[in-house]
Structure formats: C-alpha cells, structure tokens
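S.K.: The residues making up each chain are set out below.
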Amino acid sequence: MITPHVDTHHAPALEVAGLSSGYAGAVVVREVSLAIGAGEILAVLGKNGMGKSTLLKAMMGFLPKMAGSVTIAGTAATRLSPHRVARLGVGYVAQEKALFQDLTVEENLKLAVRGPDFAAALAEVEASFPFLLQRLKQRAGTLSGGEQKMLLMARSLATGARLLLVDEITEGLQPSVIDRLAGVIRSARERHGTTMLLVEQHLPFALAVADRWAVLDRGEIAEAGASSEPDARARVLKHLSV
Amino acid sequence: MIAQTLDIVTTAAILYAVATGLLLVFGVMKIINFAHGGLMTLGGYAALVTTQAGWNPWLAIPVAALFGGVAGMAIERFVVRPLYARPLDAILATWGLSIIIGQVITIAFGRGVQFTQAPLSGTLDLFGESYSAYRLALVGIAAALGLALTALLQGTRLGLETRAVIMNEDLARGLGINSALVRFLTFTLGAALAGVAGALITPLSSVDPNMGVPWLVNAFMLVLVSGASLLSLLVACLVLGGAQVLVATHFSPVLGGLTIAVLAAVILRIRPKGFARD
Amino acid sequence: MSTRAISTLRIPHRRLLMAGALAAGLLGGPALAADTVTIGIPVGLSGANSVVAPSVVQSAELAVEEINAKGGILGKKVVLEVADDASGAAGAQKAFDSLIFQKKVDVLISMETSAARNAGLPIVNRGKVPYIYTSFYEGRSCSPFMYVNAWVPDQQVAPIVDFFKKEGAKTYFLIGSDYAFGRGMLAFTKDYIEKTGGKIVGDEYAPMDATDWTAILSKVKAANPDAIITSTAGGAPNVTLTKQLRAAGIKALYGNLAVDEGTAKSMGSDAEGIYIAGSYFTNIDTPANKAFLAAMETKFGKDLKTPNDLSVPEYEAIYAYKAAVEKAGTTDAAKVIPALAEVAVEGPRGTIVMNKQRHAPLTMYLGQVKADGSVAIMSSFKDVDPGEQCPKLK
Amino acid sequence: MTESRRLSLILAAAVLALAAIFAGPYVLDTYSVNVLTRSLLYAAVALTVDLLWGYLGILTFGQSVFFACGAYAAGLVFTHMDFTPGNAALALALGIGAAVFTAAIVGWLAFWHGASALYASVITLVLPIVATQLLYSGGTFTGSSSGLSGFTSFDLSTEAWFWLAGSFLVAMTTLAYIFVQSDAGRLLVAVRENEQRCKYLGLNTSRLKIRVYLACAVIGAVAGYIYAAYAMVVAPELAGFVFGTELVIWTALGGRGTLLGPVFGALIVDYESAQLSGNFPFIWQLIIGTVFVLVIVAFPRGLLPMVFDLPRRLLGLVRPRGDVARPARVALATLATLDAAQTQGAEVGNGPALAVTGVAKRFGSLTVLDGIDFKARAGELVSLVGPNGAGKTTLMRCIADGAERSAGTIIVNGHDIGSRPPEACVAFGVGRKFQMANVFETLTVAECLQIARARHARPSLWRRANILPLPEAAMHVIATTGLDRQLSTPAHLLSHGLKQALELSMVLALEPRVLLLDEPTAGLTKTERMQIGAILIDLTKKQGLCVLLVEHDLDFVREISSRVIVLHQGRIVLDGSVEEVVASELVKQVYAGSGHAGIAHETAPKTGGQEVPA
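Residue numbers (the UniProt record's numbering), protein chains in the order written: chain A, 1 to 242; chain B, 1 to 278; chain C, 1 to 394; chain D, 1 to 614.
Next comes chain A alone, as it looks inside the complex (with noise of 0.2 Å):
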C-alpha cells in the first residue's frame, strides 16, 4: 500500500487510515490509507468502478465502515452520520443527484449554508459565479449542465467548508466550463486556505489544480505522487490506459 506523502508543515486537514467499506457483501475499497494537509488539494484517479465514489461516501458516512478511521482536522469522523460529517465544515459534492432540481438555486444555498449570514454566503458565491446571484429564483433542475456543476461548486464555497469532497465535478462538461471551474477552485484556496478532495477522471484538470495525485485501482491505492512531477501524467495515465 502506497500512502501519499504528507506535507508536515500543515496539520492533516483529513486523515483516512485502513478504510474498508463497500455495499453488503462487497467490499470495494480496501484498506485505503490516505492524508490530506489543510490547503492542499489532492486528486483520486481511476477508472471507473474502482471504488472512487465509494471511498467519498463511505468518509461521508453514507456507507458502513467496515474497518479503518476517518478523521477531518484532528476530530473521530470514523462512526459520524453524514450530517455531523457535514457539520464539521465538510462540503460533499456528489457525483449524481447533489442539486435539488425542483428547489430554487436560492434555497438550494440556503440548505448547505448553516448559521444566519446568508449574505456573506452570498457574496462568496458573487466572487466565484457571478450569475448566479441573477438567477437566484430560477429552478436549479432549468439550469444548464454545466451551470448546475458551478452551482454545486459555489454552494460548497459558499458554506465556508474547511474540507470539499468532489465526486467528478468535470464530468460531461465544456472545456470552457473546466477552466472556469478550476480557477475557482484555485482561488478558492488561496483566499480561504480550503482542503480538497477531488475524484476526477479528467487528468489535465486533475494534474491543473491538485497539488497532488493518486490512483485507485479496485479498491486500492496503486499509486501516489505529486502534481508537479515531470514524469506524474504517463504514471497515471498507465493506470488509465485503454
């Protein structure tokens, strides 16, 4: 098992040590030891079906652990419903289904955004997607596809998350869209100093905003290495390869 390095000059904004988990009976992933330190962002790669989404739920606590730990800035998430997970400053973004369609853009802000000051909320979301503080009335299901994936950025964002968890927020969107996407994501950690995790499969963005990598292959870690690294896209494209 390969543990991606730990910078050690930030404590670990998430700590996953030895997580199994999967759906009854199967385990899909396996002893996954992973740690992310505050304002680093790391990318989990693969294919599909090699347990990317799973790892996210199961640290959301969606799916039973069936060993290991979770901990998100020095705190036990390991036996944490989803909503104390949440409640720690965790932004989840999943991969299907995360926007209520028949709810308003406006309220679906509002629900991830605990606390009374909306407009702080709001102006957050003004610094990363402008137009959406024009469409705030407007069902979020009659936004485009990529206008719902910026909304599901900018209300993560927008709840002042410490940790943001994003399941293939890439996928099936315009390389315009991408761009955009990952200058957010950039910015967004220079202002506030936010932790990422992002399962991708878009390897340039991946490799763009992350400042580190990792593969998931059935379950486990394959292979780990920083974004900077020259040789870093043919070792993960090797996992990747048709």
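To be clear, the hints were calculated from the coordinates, so they are not data collected in a lab. Be a bit skeptical, because a hint or two may be false.
To be verified - Partner residues aside, some chain B positions facing chain D, computed with beta carbon under 8 Å:
id : residue
1  : ILE99
2  : GLN103
3  : LEU268
Unchecked claim - Simulated restraints, written as ranges between beta carbons of each label pair:
id : chain 1 : residue 1 : chain 2 : residue 2 : range
4  : B       : ARG269    : D       : LYS375    : 35 to 41 Å
5  : C       : ALA288    : D       : VAL307    : 57 to 63 Å
6  : A       : GLU31     : B       : PRO82     : 31 to 37 Å
7  : D       : ARG6      : B       : ARG269    : 40 to 46 Å
8  : D       : SER419    : B       : LEU231    : 50 to 56 Å
9  : D       : VAL307    : B       : PRO82     : 18 to 24 Å
10 : D       : ARG6      : A       : LEU88     : 56 to 62 Å
11 : A       : ALA67     : B       : LYS30     : 46 to 52 Å
12 : B       : LYS30     : A       : GLN101    : 18 to 24 Å
Unchecked claim - List of simulated lysine-lysine pairs, DSS-like, C-alpha gap at most 25 Å:
id : chain 1 : residue 1 : chain 2 : residue 2
13 : C       : LYS299    : C       : LYS70
14 : C       : LYS170    : C       : LYS219
15 : C       : LYS165    : C       : LYS199
16 : C       : LYS128    : C       : LYS166
17 : A       : LYS97     : B       : LYS30
18 : C       : LYS290    : C       : LYS251
19 : A       : LYS238    : D       : LYS526
20 : C       : LYS170    : C       : LYS251
21 : B       : LYS273    : A       : LYS97
Since this is a predicted model, take the numbers as computed values, not measurements. Think of the CB as a built atom: it goes at the ideal place given N, C-alpha and C, for glycine as much as any other residue.
Once you have looked at the hints, place chains B, C and D on chain A.
M.R.: Showing chains B, C and D alone in chain A's frame:
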C-alpha cells in the same frame, strides 16, 4: 345547485383538514400513520377537556395540537423510528397504537358519547342559501391551515429542510441536515395536525373513543392519490369529496360513503401517481 | 348433548391439553352448586352498547339484591354472571357459550344488539335455557326459548306520528342508518304514515358508521318537510345527525326513534325539542317508578347510571323470571318457559305480561326533550299491542 | 433426509394432530369445544394470511371477506331456500365462487405488473370496508346489521363439528406446510425477496400471486362455510376490517412465515380472549394492542419462533436466524447436465437473433436513447461501450422489457417483443444479467438455480427434487467457478465474484438465445475476469448464443469480441471492430467528455450508471 356547491366545498375543506397531517408524515417518512385516527380522537378529547374546563371553545384547537404533538413525539421516538426500514410493519405498529389510544381513552373517559361546545352555531345566509356557519368557517380554517403549512414549508428554514428531506434525503444529510430530527419534527407536526383535525370535527361529530377511525381510510386514500403535495391533496379533496357528495345526493349515501375509497383505488390502478404531477 | 359424559371425563385428562395456556379456560369451572339460581347477563360492555351496558348491569344488580334480601327464588340465592358480548356476533358467541356451558346459568336475561342476539340464539337452542331479551328492537325475532319484554316498532311509532299529525304535519322525511333496526323502524313508520294519510317526501339511509350527513341534510332542506323522523344507530351517528341537523338550521318537527334519555342529555342544547317515544322515562309518575329510582339512588349513589328504556326492562325481566320459576316450582327450563308467558310483573313501567306471541303489550309514552336534557312526558298510551310478532309461537 | 422420509414425517405429525383433534371433545368441556370449534376455523384463515404475508410478502387486511363469502353463501342459501343436500352443495359452490370472483377482482387491482406492496395492502384494506357496507345495505336479504340467524343446517353434534373444523385445519396446515417446503413453494419466498429477478427469470409473478391469492380465498371460503353451518348465524362483522386486522395480529403474534405460529396464535389468542375479555373487556384490548406493537417493533418474527429458540439459545447451540421466513434448506445436492436433446430454449427464429430498429427512450423532455438501429446474429458477441450516461444500461433494459422504450421495434429471435413484460421477453429467448449481482440473498445456491429453471421444469407443488438438471452452459460456469461445491450456501454468504457467477449461471439456466450482460466483470479479480472471458467465448462460439455486453475494459473486449458499438448521448456513434474503435478520433472525443474537436482533454474510459436491483 348552490347548496350542492357549498356541500362540495365544505366537504373538501373537512377532508383537507383531516388529511394534511397524514400527508405530511407520508411525504417525509414514506410511511402511513395508522395512528392518525387515534390521534384525531385524542384531539377530540382535548377539545372536550377544554370546553369542560370552561375555556373558550376556539382554544380547543391549540390544546388539541399540543395533545397530538406530545403523543406524536413519543410515538415517533419509540415506535416509528425503529421501523423506517419496514414501512409495512410501520402500518401495523401504528394501527396497534390506535388500538392502544382508543382503549386508554375508553378507560379514562368511558365509552360514552361526549358533548363539546361548538365555537360557532346557527346558519349564515350565503347566495340566498342559509348554510351551517361552522361548516363555512371550516372552509376558512382549512384554507388557513393549508396556507400556514405552505408558508411553513416554503418560508422557513425547517420547511426548506423538510422539503429537502422529502426530495432527496441523502443529499440533505450530506449538506449537514439532521434528517432524523426533521423526521421527528415532521411526525410531531403531523400528529399535532391530526389533533387539530380531531378538535375541528367535534362540532360536527360526536366525541367518542372511535371518532377518528371512520375518517382514517378516506384520509389515507386521499393522501395516496395526492403523492406528497399539499396542492394535489387539495385537488384530490375537491374531486373525490365532490364525487362523494354527488353520489350520496343522487344515488345513495351508502355508495357515497364508499366513493372516496373505491375511486381512489381505481385511480391508482390506472394512474399510479394519482393526482401528483409527473 | 353429551355434556355430562364430557364433564366427568374432563379432569383426569386435563394434562393432555396441547398448550398450557389453554388451561386457563378450564380453571374457572362451573358453579354447579344446587342451592343457587344463576342468571346470565351477556351484554355489550365493550363496543356499541358499552354506553348503556353499565346501567343494565346496575338494574340487574338491584333486582338480585332485592330478591336475595327477601329469600331468593324458591329459597335459593340468586347469583349474577355478567359476560361481555362486545356488542357483536363473535363476542356474543363467546359470551353465550361461556354462560351456558361454562357457568351453567339457569336463564339468560339481557339487553343486546340484534346481531349479538341472533348469534346467541343458536347457542341458546343447543343449551336449551330460557332467554329473556330486554332491548327494544326491530321486531319479529322468534325462538322457542326466547321472550321479549321491550317494545317493537308496532308499539313505538304510533305515538309520535299521531302527535305530529295532530300538530298539523302532512309531509315527512325519514332518515335512518342502514342497518336492521334503522330499516325496520322506518319501514314500519313509512307504512303507518301512509296509512294515516301523511306523505313521505323522502327517506334516506346512511352507512351505519356515518358521521357526515351533509348530502342527506341538503335533500331535507330541499324537500322542506313538516316533520322529520329519524332512526339511526345509537351513539355517534345519532349525535352527529342531530348536531348537523341543528347546524343546518332545519326547523321541522323532529321525532327521534333511537334516542334515549341519557344520549339526549349528552347532546346538550342540540337535543332540545326532540320528540321521543318509549316505554320508560325517569319522569313516569307512579309509586313503583319512584320506589325503583329511590332504591337505585340508595344502592349506587354517585355511581348511578341514569335508568332508561333499556335498563328498566332488565330489572323487570329478572322479576318475571322469579315469578315464572315460582309458578313452575322449579328452574327446569321446560317448565319455566311456558310459565314466563303467564306471569305478570308490576314494575316501573307498569304491569307487564309477555303473553302476545312472546312479546308484551306496553304502556307507551310520548316525551319531549327539555333544555336541561330531561324529558317531559306529553302523553301516554296504555297497553299498546305488539302486533303479530311470532305467529308460530303464540 | 430422503424425500419420502421427509414427507412421511410431515404426514406423521399431521396424524398426531388429527389424533389430538379427535381426543379434544373427550378432554375438553363443552364450552371449550364450542369456542375452539370457531377458533379452529379462524386459524385456517390466519393460515392464509401467513401464506400471503409471511411467505409472499403481501400484507393483507381483507382475508375476512373470503371467510364471509363462504359463510354468507351458506347463510343466504339456507335462509332463503330450503336446507337440502343439494342446496348445501350449491351453497358451498356459491361461496367458493364468490370468493374466487372477489379474489380475481382484487388480484387484477392489486397484483398487476409494477404495483407496489403498499398499494396491494391498500386494496385489501378497502375490500372489507366495501364488503361490510354491501352487507349492511342488503336489507332483509342479507339481514343487514343483524345478520342471518335461525336457519336450518347440518344436524351434527358439537363433537362432530369440532372434529370437522379441526380436521379441516389440520388438512389445510399440512397441505400448506408441504407446499411451502416444496419446489413450487420456494417461489413464494423468491418473489418476496426479489420480484424483479423473478420476472427476469421468466416467471409471471403477477400470475403466481393471483393464483396463491385465489387458493387462499378458497380456503377462507370453505372455513367460512363450515363456520356458518356450525354457528347457524352470519353477521357483517365476519367480513369486517376488524376481523381482518385481528387475523393479521394473530399472525404477527404467532410468527409470520412459520404457518404453525399463526395457527397457534389464532387458537390461543381467540380462545383466551373468550376467557379474559369477558372479565376485562377494555384491558384485554389494551393488552393485545400493546403486545402487538411490541412484537412488531422488537420481535418481528413473532412469539412462536422465540419460544422454539429459547432452549436452543439457552444452550447456545444455534444462533438466531434472520427475521424472515424461509423454508428449510433444500435437500437438493446433485446437479446434472441436460442432454442437448432435452434442452428446450426458445425456438430459433429466422433472421438475426436480435434486431433493434429506431429505438428511443425519453423521460419527459429528456431523451436518453434515440434512433438506435443495429442487428446481431447468433454466435456474435457485441460489446457496448460509451461514457457515463450514454444510455447503455437503458438500452439493455429496453431489450429485456417491452414496456420500457418510448419508440421503435425490438425483435428477438424473430419475435417482436411489443410492449410485453420481462417474463415474456425471457420466453422469446432474452436473458438479462444485472450489473449488481442480483440473486435471492436468503436462498441457497441450489435454490437460486432451481428457481431459474422453474420456467422450464414446472416445480412440484409438494415434492422437492433431488436432482437439478441444468443446461450445459450453466453447468460449465458452475463447474469452472467452483459453485458446485457451495450448493447449500445461502447466496448472501457468497463472495462478490461467486455471486456474479451464480447470477450468470441462473441466467444461462434459462437457455437464452440473446444474453444481455451489464458489466459482468465489475469488481472481479483478474482470474475471475479471465474465467468469465473464457466462458463468454465458449457461449458464443460453441453454444451459438448472441451476447450483448456492456464493458468498459477495452482490453477485455478485444480478447473476446470482434464487434463494438459505441454509444454517446443516446446515439450510436460507431459500430465496428475493436481496432476501428481504438483508432477512431471521434471515439477519443467522446471519451474526452466534450464532443468538441481539438481539445486535449484525455480521460479514462468510463461506463454507465448503475442499475440497482429493486
């Protein structure tokens, strides 16, 4: 004609008041609360206690909400919560609860028919027809209930969270919403509404340990054809309640009594979504 | 019947029972003591009749106490056995089986629903015990073992209709619950009104558990009758109909064939002005009734359930049984049954003999409910004949 | 235990029970005999509640109505006509006829393809309410609220009635017991467990439910007939909701899915209520209500299994089992290979094995599939690839269930599937394996396989087969994966890979001509994938099956198939060889996720949305 229209509107209003609590619980928790009839009975007796204490009969409504709500809290915590994964068993357990509520009331108040003071009596002249004032008042009350509930669901954080849980519980949880708490509050509110419905029907009905039971099946069927929307419930109450009045008037009251249940069953057979939107 | 053979076999083999729990049923063995007379009272302690049942039990208790104080029946102590029939058929079967075969009662005397009575009759036939039915009912229930000392439609309807006619009523609207009593009463009423020159402008039946009378009341308003006569199921339907009728502002004369004094009282101001007919009201001004009421008051004090048209016949029927046994000189059913038709009992309702095809001519009263819930007696009709109830039984 | 020994033991138990019934009147007093005679008949109806609810999963509140059908038929005929042997037979026939008629209406309403369990329960709830109201409004004909009484009936002694009622109950319980343990009876549990899988195994589950429901209605009607003839009274409450729920309460207390539990539940509770309710009518109801709620919440298996488990638990011998009923383990230990001559797969039609023309699927305004046209012949293995949301699984679904697609024609083996349900598509030769292993979790491997064969080998209503003949293809998978050594293992204990293999063998047991496989290798180890690959080659090359495979691993595809169809946004963008696909610029763009040319966004191939079995 005017009388019949008033009959339909007031009947729909009563049905609406009776079914909203059940709808709320079904919408959020996807279980049918068979204790709804028992909770209505509790509300009726709350009204009885209120008027026997010599208080203003209108006070019966908040008192009944309190009775129903407190019972609802206990029921959710100890009976319904363990059964979320077994919806058919939840029907049975809540049915058992309604037996318990009925028997406890019988032991406390006796089996007899009790009398409560009506907050409004006499008739009002409307479109040249003199019509029961209380029934007309019920239209207003039902409308107020519907609007208040809509305001609660549309205008408050709790309402927003409740709607979020109805639409996609996992997503709501992922956003930090305590869905178990939302369920608990929803059930409490549903039970309080059942109590209110019980208090509201006492001026029309008798107060006895089984008073809620005859309402249960109709309310249940109306909720099933409505999906989880207050608006489609209104449509269902008007259409099926209207059909009940028409059948009872033009054919026979016996058939009228079966109209809602049978029509709803057939509607669901033909269109499983009932009156709910796609 | 192999009752005897079975009872001798019973004890040695008890251990063969399949489940221990079943044994509980055998522990309360029959009281076979020959020095008592046991009266069985199957009654609706739960279910629809549970409102009135306590008053029935109280009258029975008074009668038994009085009889025992005066030496019992043929010198034997009288014992009561009360069993709940749950106001329905299934409960009645259990209650009758228990009383007849387990408690081995000498007689059954009770007020019950028609469904419970019908369910009990086949068991009475098997057990061959005398049975006095003490509830008013829709009429024409006949069994060689059964007597009835309460009224039937033939006796009750005339006083109300005659009175309404005198008040000038020409058009009538009939409302009933769709069950045997409701249908039976109103069918007779309809015939009687038409025979005496009145006109029926509508008759409507609602389901037995109906609490919503909207559609029917709208029809009543449209028909605008001079008088309304109702015969609903007791309790809730009666109360809801009256409440909704008043709320709808219907002012016609209102005769209610199914309301008793107690229920009328519980309906408060809505009941005011209702006309009712019956064989017993607490206001009957006779020494026998006053003595009865005083005795009830003394015995039960604050727990007293107001005596009524369903409980007083129970009291009188126990005395009728006593008289019949004494006349026959034995509790042997075969001898007591014919004697029951011959004995006269002087009670709160007057002198009653069950000599008309197992039914009794009764003095009927017309009353009107006052604001305080009490019933003022308007007129009385002496010894109204029950008519042809059981022509085969004489 | 051999089959004949097992059946003899059941019959011996039945004979013992009959002896107990015979002794009853000699050990019990008249009172108990009378009360128990009725309880025995109620217990027979509780038995039907258990068959429907405990085994088939249909919570029914309306069994009282069938009891009333039989009772009222007797009451009405004996009241309004003379009591003669001819009329007695007529009454029985009428009672059964009325029950069957009513059950057929309910079945049509409640058990149609796609009806939810809640809806079915609702219909059974409305049934007694309607029936009671009809009886009330029947006037003097039905006796309305008073019911009918005083009619003449069979002149039998109290003891004889007890014997009759008891023998009827013993007979029905024995038959039910033999049935639920038989090969056919196992289907009930399979339907309850996973109705979708049953349909895709070609079983008409609606018909099965209706048949069992009809049989239960007949049992109820006969019990009701005996009741009326004995009690000489019928009343509307026999048809009522309260009696209907009482039956459910007895069943729940006794232990659903045990047959004996509900029987004893009914006998004990009804008998005791005769004792206790007389003395404490309200407290009794309160106790029953409280115990009922407690049992439902805390002991859903009921009290009888608890009683039986108690000594074993105390001794620590057996760990308690799950909370659902299931028949005892199948004795089946031997698999056999069907001769080629014996196989009876769907007839091979003319032309291609699969022809898809103009198929489209829309959800409201959203188009998931559009203008899909392709043909595949027997012996061909076609791989279906494409990114997430391309419509691959949807296309599989459209081929396997005629009601799924919005437009177009699908011809399987020369048969147009029209809008036929999955079980009809199976009959034309379609076999579908789901993405997530979709088997009967509580049943054993052998039982799962046997259910898959039920369409071909009509299962016995009373026996359990010792030998299960399977087609060669299924045997091959079983032997290769080692499933044959785990025949009596419950499916939920199997590894992920073995579960996938089990499902594949189940589908192959159908002898399909067109095999639909949705990511059969997902989550499998390398060895397992190679095994599956070899099997697929064998199936196409040797057995001549037409296989449609959703797969994301193009290496794997290259090894086993020559032809690849690429789906993107609901349309076929390419239909060609693996080499063509790998070389295709268009496909690269598709996988880059944009469809726009000139952007260097390369990603891994991705595959479709999962279909989670219901």
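S.K.: Each hint needs a verdict: does it hold in this structure or not?
M.R.: Here is how each hint holds up against the structure:
For B/ILE99, the interface hint holds, since its Cβ comes within 8 Å of a Cβ in chain D; the closest pair sits about 3 Å apart. The beta carbon of B/GLN103 comes within 4 Å of a beta carbon in chain D, closer than 8 Å, and the hint placing it at the interface holds. The beta carbon of B/LEU268 comes within 6 Å of a beta carbon in chain D, closer than 8 Å, and the hint placing it at the interface holds. For the hinted restraint 35 to 41 Å between B/ARG269 and D/LYS375, the CB-CB distance of approximately 38 Å keeps it satisfied.
A C-beta distance of roughly 59 Å is found between C/ALA288 and D/VAL307, which places it inside the suggested range of 57 to 63 Å. Here the CB-CB span from A/GLU31 to B/PRO82 is close to 33 Å, well matched to the stated 31 to 37 Å. Here the CB-CB span from D/ARG6 to B/ARG269 is close to 42 Å, well matched to the stated 40 to 46 Å. For the pair D/SER419 and B/LEU231, the beta carbons lie near 32 Å from each other, so the given range of 50 to 56 Å is not met.
Hint check: D/VAL307 to B/PRO82, Cβ distance near 22 Å, so the stated range 18 to 24 Å holds. The supplied range of 56 to 62 Å is met by D/ARG6 and A/LEU88, whose beta-carbon atoms lie about 58 Å from each other. Between A/ALA67 and B/LYS30 the beta carbons are some 32 Å apart, a value that contradicts the proposed interval 46 to 52 Å. In this structure the supplied range 18 to 24 Å holds for B/LYS30 paired with A/GLN101, their Cβ-Cβ distance being about 19 Å.
Taken as a hint, the C/LYS299 and C/LYS70 pair is honoured in the structure, with Cα atoms around 16 Å apart against an allowance of 25 Å. Straight-line distance between C-alpha atoms of C/LYS170 and C/LYS219 comes to about 18 Å, which keeps the hinted pair within the 25 Å bound. In summary, the hint linking C/LYS165 to C/LYS199 is supported, as the alpha carbons are separated by about 11 Å, within the 25 Å threshold. Distance check on the hinted pair: C/LYS128 and C/LYS166 sit about 48 Å apart at the alpha-carbon level, beyond 25 Å; violated.
A distance of roughly 20 Å separates the Cα atoms of A/LYS97 and B/LYS30; the hinted pair therefore holds under the 25 Å criterion. Taking the CA atoms of C/LYS290 and C/LYS251, the gap is about 35 Å. The hint is violated against a cut of 25 Å. For the hint pairing A/LYS238 with D/LYS526, the CA-to-CA distance comes to about 17 Å; that is within 25 Å, so the pair holds. The hinted pair formed by C/LYS170 and C/LYS251 meets the criterion: a straight-line CA distance of about 15 Å does not exceed 25 Å.
Of the supplied pair hints, the one linking B/LYS273 and A/LYS97 holds, its CA atoms being roughly 22 Å apart against a limit of 25 Å.
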